[in-house]
Amino acid sequence: MQFFSRRANLFPLVLAVGGISLCVFAVAMVWYYFGPQFTQVGYSPKQPIVYSHRVHARNLGLDCRYCHANVEVSSVASVPPMQTCMNCHSVVAASSLKLAPLRDAWESGARVEWTRVNKLPDYVYFDHSVHLGAGVGCVECHGRIDEMDQVEQMKPLSMGWCLECHRDVRANQGASRFLRPVSEVTNMGWKRTSSEPLVLPRPLNPAENCSACHR
Amino acid sequence: MNDSSKLPPNPLPEVSRRGFLGSLTASLALLGTEGCRRATEKVVPYQSVPEQVIPGQAMHFATVYARRGDAVGLVVESHEGRPTKIEGNPLHPSSLGAVDAITQASVLDLYDPERTPSPLRAGAKSTWDAFAAELDARLSKHATDLGATLRVLATPTNSPTVQRLRAAFGRRFPAARVHTYAPVDAANVHAGSTLALGRAMQPLLAFDQAKVILSLDSDFLQTEPGNVRAHRSFSVGRAVTSPQSSMSRLYVVEPGWSTTGLAADHRLPLPAGRVPAYAAALAAELARLGLPLGAVGDAAATVKATGAFEPRWIQAVAKDLLRGGKSSVLVVGTRQPAIVHALACAVNRALGSEGPVVSYVDAFDPSEAKAADLASLVSAIGAGKVETLLLLGGNPVYDAPADLHVQETLSKVQLTAHLAGFVDETSAGCVWHLPMTHELEAWGDQRALDGTVALQQPLIAPLFGGKSELEIWASLAGEKDARPYDLVRATSRAPLLLESGLTSSGDGKDGKIDCTDALGVHVQYPVLGFEHDWKKALRDGVLAAAKVGAPVLDPGAALALRAPDIAAELAKTELAAPPTRERLEVAFTVDAKMLDGRHANNTWLQELADPITKITWDNAGLVSPKTASELGIETGDVIKLSRGDRSVTIAAYVLPGTADGTVILPLGWGRTQAGRIGNRRGFDVFPLRTTDAMGFAGGVSATRTGERYEFARTQQSDSMEGRPLVREATLEEYRQKPHFAELEVAPRRSLPLWTDVDYSKGHQWGMTIDLNACTGCSACVVACQAENNIPVVGKEEVAKGRDMQWLRIDRYFEGEAEEPRALVQPMACVQCEEAPCENVCPVAALEHSAEGLSEITYNRCIGTRYCANNCPYKVRRFNFLNWHNDGVWNETGGLPETLQMQQNPNVTVRFRGVIEKCSYCVQRIQSHRLATKREGRDLRDGDIVTACQQTCPADAIVFGDLNDLGSQVSKLAMGDRRYGLLQELGIKPRTTFLAKIQNPNPEMA
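Chains as they are written, first to last, in this note's numbering: chain A, 1 to 215; chain B, 1 to 1005.
Honestly, I wouldn't trust all of these hints.
As the list claims (entries may be wrong) - Keeping only pairs whose Cα atoms sit at most 30 Å apart, straight-line, the calculated DSS-like set for lysine-lysine is: (1) A/K191 x B/K988; (2) B/K626 x B/K304; (3) B/K874 x B/K933; (4) A/K98 x B/K42; (5) B/K385 x B/K304; (6) B/K988 x B/K737; (7) B/K42 x A/K46; (8) B/K761 x B/K933; (9) A/K155 x B/K971; (10) B/K319 x A/K119; (11) A/K119 x B/K761.
If you're looking for bench data, these hints aren't it; they were derived computationally from the structure.
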């Protein structure tokens, strides 16, 4: 007495192949869709004041460091104080409607709460100043900010992504594709024109140990 | 007694099974929704950035902290306006870059959430304006009686500005009186120097110049005034750099263990009341051996004391003192009566050590702080002569002598106002409570023991809207509208001009100050130049040339010794008989953590283990094993101590090395109105303290109450169990065999689990801890806690062994139970090269860096605790709970917001379920590495200083690069005294110890 037909002999095979593909599929889905490449990149919240980096950084040609003044000396680039905005906007576009929230806050002393876009977890201690000093351009981590009307996260900012650059620079030094002359770090559109490696004042030694960032 | 009301509440709430499952399900569901959307994080920029502030970078400001007649210069770290960490000011003579545990912890007092936010009138919320109106009305009334019924009770001050304002107050109200009181004062010291030298003076000791030091009940390393300064110079005099080095020898005679006693070469436990007799016997022996003591020696020889002293403690010590001659010195504790101070003065003069070792400086406030001064106030109130009483600081209801009944007395005054940080015992009994600023919130100036004046500048506006003592004095002196800044600046003007060799002779005009120079020539000094001098003084923290009362450096020539007066006083001194079982002695001891009780609400200090007993969150009545067995008590028995009709109850702790017949009673515990943290911790011993017995008292009887009490200690065993943990030798043995500390056991070769790592290149971090310098004072433990955001767990959890401090100080007893020696050893992660902890981590949360750091990545840790089990040093700490939230404050919503402001933004705040340990202050390594990268240079030796190293007053801890052969640490780590603790396990510890050297007198054997 046979309960199963002959075709049922295929069942274990289908189960094995199907099961494995399902697992591979699930892993792939999690790999991509749970990763920062999918969940973080493209994050672009609305900000309390309509501020366009395109207008200021590209059209007007302001250097990044006019507003993010401490980026070369401090760990944080810091959102500029309202005073910096008012340096110009007390005379430039002084009655613009778009700037009403800024003027109101400036006059009343109210807080302006910007939403952080490029965000690292609290257990990561990142320092802007050394990266700039080593010749890592703003664009490497922030993308073409000068083309954004509303700032958007462009890179995954994951640990693997960080280490990719650290390992490349350690191995290739001045020839690394992530580096540029220190004078060009804020130049968003800079392109490498020569195939010669950069001349570094001292060998770069980017950290790969845990406590460099986690402590 | 197992009184759970004395324990902090269990931080785990009672939850039923259903409730638990319910919240489990709810949190799972919430977890699902939480993951859907990224949490928004807000960034709030400044309106305009305050001058010099760079977000993300710490700033440092110099200021000063007053402490028991001394002032310690500080450099305070501030992050975006939040003071987070206190360090010593290297330019200040009383600090030289170091501070002690209490000063380290005082930053926490600033953020204490229980400080009062507004003035209170009769317990109800009021305002400063209301108080000012009431005070003004009072003062205008007193203007008619010249202040005859106006009194002020203040704490002794070191501040020239406060003294100036006090004088102005005296001119405004000639009949008013200012009384001063502090529970621990220098009255005996001043009385002793008045007896011996005719002036109230404070001795200033250069321990680095001393060869033989005899401490008569003086804990000059921890609780006496000028402790940090003394610590530094003492450690210089004890430094051993090679077998050719010489070092000082320290004899300590004291009733109970002190930090100084821990450091002694020879220690004699002697009841405090017997110390005068010992001093007289020693002086007689010195005179007999030919020391020219004159009338003092004759009087000492005729003193009749009951009970004899061990002959070696008289004869051998006297001989050794004579051999040392000009380098021998007697130091006397403030607890001892004036006659002992005068005797020491006479002996030091005869030995010739005045000048080279001892100099004297005039007491800043000679009327300072006598119990008698408070007694006169109390009797004036009793006679109805006081209508207005202002209490500026202090807490007399809690800490005044019990026979004065201050609490009952206060209610007899119409208007009382108490300026204090908290609504304490005294505030509760006053009409007005006025919130006082913390030291880091106010302008001021403080004079150090040697006369150096330092400027106190605020780092933060008063968090709770308080006022400083200086501001109250200003309004009393009629300068109500003057800003404290201007008052301090006005006081500093003359000394600042003096630095330029000028004397001010008028206010001047047109941007010039009228002055005369040293030759008497009229000079116009530009105000801009003065502005520059003032800013420099603020930056440095000290007025370089300004001294209020410079030390008398050659007392022998300047001050005549009144030998006949001392002899006459000695002849009529009644010397106490040795205590007996029925007539015990109690000795009131300044607590190494609480001082006089003012720090009771400070969680770091509460949790800090006592340097000797290792008890946390409590004090105890310390008794010797012999006395304990005579009384039939053991550790944990609650005893009742009675003296006449006064009594206290306290839990006993049996401590070898305590003088027989003495019960040591640490002051400052058992507060009832200190705050949630400090209330009812330990036992209040002030009820036994009276005006005639401020230091110690005899004739005390002890009875068991039958109750039991549990202590929470951080160390369970007092013995090294025969293992060579702390290694030591005498100076002689060291000279004969410099490498004595290295064991003749080859390190076990561990199995080659992987190929050896090459540590010969790059920076290789290492540390040495000099056990010869360490005195166990515990400043480093608090410094580590402040730097690394280490939580506090509470008494119950400490008792379970869950204390979190990364750095602990082990204390071992050696030798006979009657005459034990104590050894201390700071212990933190030693960063093994072959770290056993790293091998067992299942999730690779522990990694070894190429620079030899054993690193831990908190967000990887899953809390198996395998690493802690595998650590031979037991230095890993586990977060059993989310201590910051569920710890001692136990508030919903986590750690009180103000306390969060203290935390170091460069160190992760750890959550429940992760392991942590010493990281060699990796945040400091990293920040200096990045700074040198910015500057384009290499790290140099001395760039990176760990928190423990920075604060150590004895310079026992050295950190640096072992691959840099010129670095201090590599020289020490290759020196002759080095040894690796447990290195025989083959784990290659990076922290190595330098063995202790004793310098005993062979004649004492």
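Hints versus structure:
| no. | hint | in the structure |
| --- | --- | --- |
| 1 | A/K191 x B/K988 | violated (50 Å) |
| 2 | B/K626 x B/K304 | holds (27 Å) |
| 3 | B/K874 x B/K933 | violated (36 Å) |
| 4 | A/K98 x B/K42 | holds (21 Å) |
| 5 | B/K385 x B/K304 | violated (45 Å) |
| 6 | B/K988 x B/K737 | holds (24 Å) |
| 7 | B/K42 x A/K46 | holds (12 Å) |
| 8 | B/K761 x B/K933 | holds (18 Å) |
| 9 | A/K155 x B/K971 | violated (47 Å) |
| 10 | B/K319 x A/K119 | violated (72 Å) |
| 11 | A/K119 x B/K761 | violated (35 Å) |
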